[in-house]
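> Protein sequences, first through last, are from chains A and B.
Under our numbering, the first residue of the first sequence carries the number 1, and numbering increases by one thereafter.
Under our numbering, the first residue of the second sequence carries the number 1, and numbering increases by one thereafter.
No lab work stands behind these hints, which were simulated from the structure alone.
Keep in mind that this is a model prediction, so the values were computed, not measured.
A couple of the hints might just be wrong.
Quick partial rundown of chain A residues pointing at chain B, CB under 10 angstroms, derived from the structure [as the list claims (entries may be wrong)]:
(1) V377
(2) E380
(3) S385
(4) F386
(5) K389
(6) A391
(7) M393
(8) Q394
(9) E415
(10) R420
Result set (BS3-like, lysine-lysine): computed pairs, CA atoms no more than 30 angstroms apart in a straight line [said to hold, decoys possible]:
(11) A:K389 x B:K2
(12) A:K376 x B:K2
(13) B:K54 x A:K389
(14) A:K389 x B:K56
(15) B:K88 x B:K54
Some chain B residues near chain A, calculated using beta-carbon distances under 8 angstroms [unchecked claim]:
(16) S7
(17) F9
(18) E11
(19) Q41
(20) F42
(21) R46
(22) G63
(23) V65
(24) N67
(25) E98
Glycine included, every Cβ here is placed at the ideal spot set by N, Cα and C.
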Amino acid sequence: MSDFVCENRILDKDETLDRAQLRALQLERLRQCVQRVADVPFYKEMFQRENITPEKIKTLDDLRRIPFTTKADLREYYPLGFLAVPRSEIARIHGSSGTTGKPTFVAYTAQDRATWANLCARFLVAGGLRSEHLVHIAFGYGLFTGGFGLHYGVEYVGASILPAASGNTPRQVMLLQDLAADVLICTPSYSLQIAEVARAQGVDPRTLPLKYAHFGGEPWTEDMRVQIERELDILAFNNYGLSEVIGPGVSGECAARQGMHIQEDHFIVECIDPETLEPVPEGEQGELVFTAITKQAMPIIRYRTRDIATITSQPCVCGRTTARMSRVIGRSDDMLIIRGVNVYPSQVEEALLRVDGTAPHYLIEVDRTGNLDDIKVHVEVHPESFSDKMAQMQALRERIAAEIRSVTGIGMKVELVAPRGLERSMGKAVRVIDHRREKGTI
Amino acid sequence: MKINQLSVFLENKPGRLSEPCEILAANGINILTLSLADTEQFGILRLVVKEWEKAKRVLEEAGTVVNVTEVVALEVADRPGGLEDVLKVIESGDINVEYMYAFTTFSKNKRAILVFRFEDADRAVAYLRDHDVNVIDSVSLYQNLK
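Start from the sequences and build out the full structure, keeping to the hints where you can.
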């Protein structure tokens with residue numbers, strides 16, 4: 001186990017407000033937020049329908065009078081129909097996977113970007129980051145919020161950054177060895193891949209100078225934390241975020257590592273039963289719902305994350321007063337996270353619809369071989385697409401694979417199967433088999 | 001002049017080849033010849049049977065993907081160079097062969113029978129007949145193989 005000791009340090013006083021003060025601040029910010037979205041077409045229409053005005057938000061409980069916002073709502077207003085500021089005020093646009101071929105875009109004003117940097121800095125500092133450290137960021141820099149969000153957070157703290165970005169693992173090992181980064185930022189599964197590649201190169205990953213790591217972007221387990229800490233001889237911290245809310249920075253672990261502190265002065269969290277949509281008792285599993293009360297460019301109210309976790313507002317030994325969330329232990333929809341990329345089965349369906357002669361009968365099989373997610377799509381062959389020529393069948397397979405890559409952004413193996421070769425259970429097709437769950441890696 | 005060939009999609013798993021054979025056997029359909037093309041992932045079974053319409057129907061009823069393609073049966077002298085003679089003619093006509101396979105039995109006059117899948121079967125048949133290659137039609141093929 002790493003001999004790195006994470007000292008308890010708290011960046012902002014707002015992380016330690018007493019709960020009554022925090023609630024007062026949340027209410028004030030919520031009312032401003034409701035005011036800010038009043039002219040966003042989606043909310044304008046909703047508020048008229050539900051007879052909601054900022055004045056009617058008198059307590060935090062009144063938030064529950066406002067209906068939820070979902071991914072489908074964002075999609076309906078594609079690309080930027082949720083903007084609450086003029087386009088000229090946008091400083092940055094990011095995006096995440098949509099349920100079909102088009103991403104969901106989110107926008108930031110300069111102020112939002114500053115808030116984002118601050119919030120990422122908070123959990124980085126909570127998890128050991130000091131200005132003298134060098135941080136190796138192996139997240140993708142692009143539409144994905146992970147790379148830029150963490151980058152800004154590290155800058156905010158004043159530490160050094162190596163923006164290695166994702167991919168080319170042998171080079172990552174070389175950089176970690178030669179530049180001696182103290183901190184690694186990537187997905188948890190990628191850290192194991194780095195360890196694996198290091199060993200293949202004859203480098204014992206435990207001898208890398210790394211002290212600790214901040215992981216996010218995909219679900220993982222305590223067992224994986226133990227494995228990562230042993231294989232790389234580091235401390236591993238978990239953080240959480242999603243682009244629709246702000247990106248990374250929604251919550252993160254402190255030195256106690258007893259749940260992730262939610263930055264409640266910026267986000268109001270609810271935990272609901274995804275079926276009844278009623279709140280679950282504290283400590284019970286439910287779907288997380290966030291309201292981003294300080295966002296300027298694209299405030300979002302009661303956004304259903306589809307992530308299942310538990311929440312506690314019990315005080316933490318670190319001194320922060322904010323509520324903590326558990327790891328994400330599941331989804332209330334069918335979204336998969338493959339190598340840190342969000343994938344919906346409906347995207348695969350859309351890709352198949354673009355290829356003539358394939359029916360939308362498919363089965364997605366996900367596994368983790370070694371440390372890499374492996375995804376295979378079984379597609380039924382139909383008389384219209386079946387040919388006696390082998391070359392034509394191979395071309396069909398390649399065309400399906402290319403369409404899937406273009407819609408989802410990731411490569412999947414395509415396997416052609418006989419019609420009705422895919423099980424139908426209770427009239428409803430089984431679309432996904434995730435072997436990673438049986439193996440305890442997610 | 002052309003023969004109807006059935007192609008059957010097979011998953012590359014144990015037992016998949018025997019399934020269509022069982023169905024044909026149960027329906028009293030005799031396989032005159034066949035060829036199997038496969039990758040590590042899936043296979044295509046190509047069959048010539050006399051009652052191809054019935055065969056197609058029973059296979060489809062059993063949930064199999066079947067398609068019908070026109071192929072051409074050619075008689076080839078059963079001696080060294082017999083096949084080469086025919087291939088030279090095909091080549092001279094700039095005719096594309098997708099694939100070919102053989103019948104396991106011989107014709108009445110002791111000549112071998114080969115099945116060709118041409119890109120353009122009609123053009124191939126016309127050209128080959130003009131160049132004295134014996135193209136066998138389905139009636140005489142089935143009689144020949146009795």
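> Are the hints correct? Go through all of them and say.
We went through each hint and held it up to the structure:
no., hint, verdict
1, V377, "12 angstroms, violated"
2, E380, "9 angstroms, holds"
3, S385, "9 angstroms, holds"
4, F386, "5 angstroms, holds"
5, K389, "6 angstroms, holds"
6, A391, "8 angstroms, holds"
7, M393, "7 angstroms, holds"
8, Q394, "7 angstroms, holds"
9, E415, "6 angstroms, holds"
10, R420, "5 angstroms, holds"
11, A:K389 x B:K2, "18 angstroms, holds"
12, A:K376 x B:K2, "40 angstroms, violated"
13, B:K54 x A:K389, "23 angstroms, holds"
14, A:K389 x B:K56, "18 angstroms, holds"
15, B:K88 x B:K54, "36 angstroms, violated"
16, S7, "4 angstroms, holds"
17, F9, "5 angstroms, holds"
18, E11, "5 angstroms, holds"
19, Q41, "6 angstroms, holds"
20, F42, "5 angstroms, holds"
21, R46, "6 angstroms, holds"
22, G63, "5 angstroms, holds"
23, V65, "5 angstroms, holds"
24, N67, "5 angstroms, holds"
25, E98, "6 angstroms, holds"
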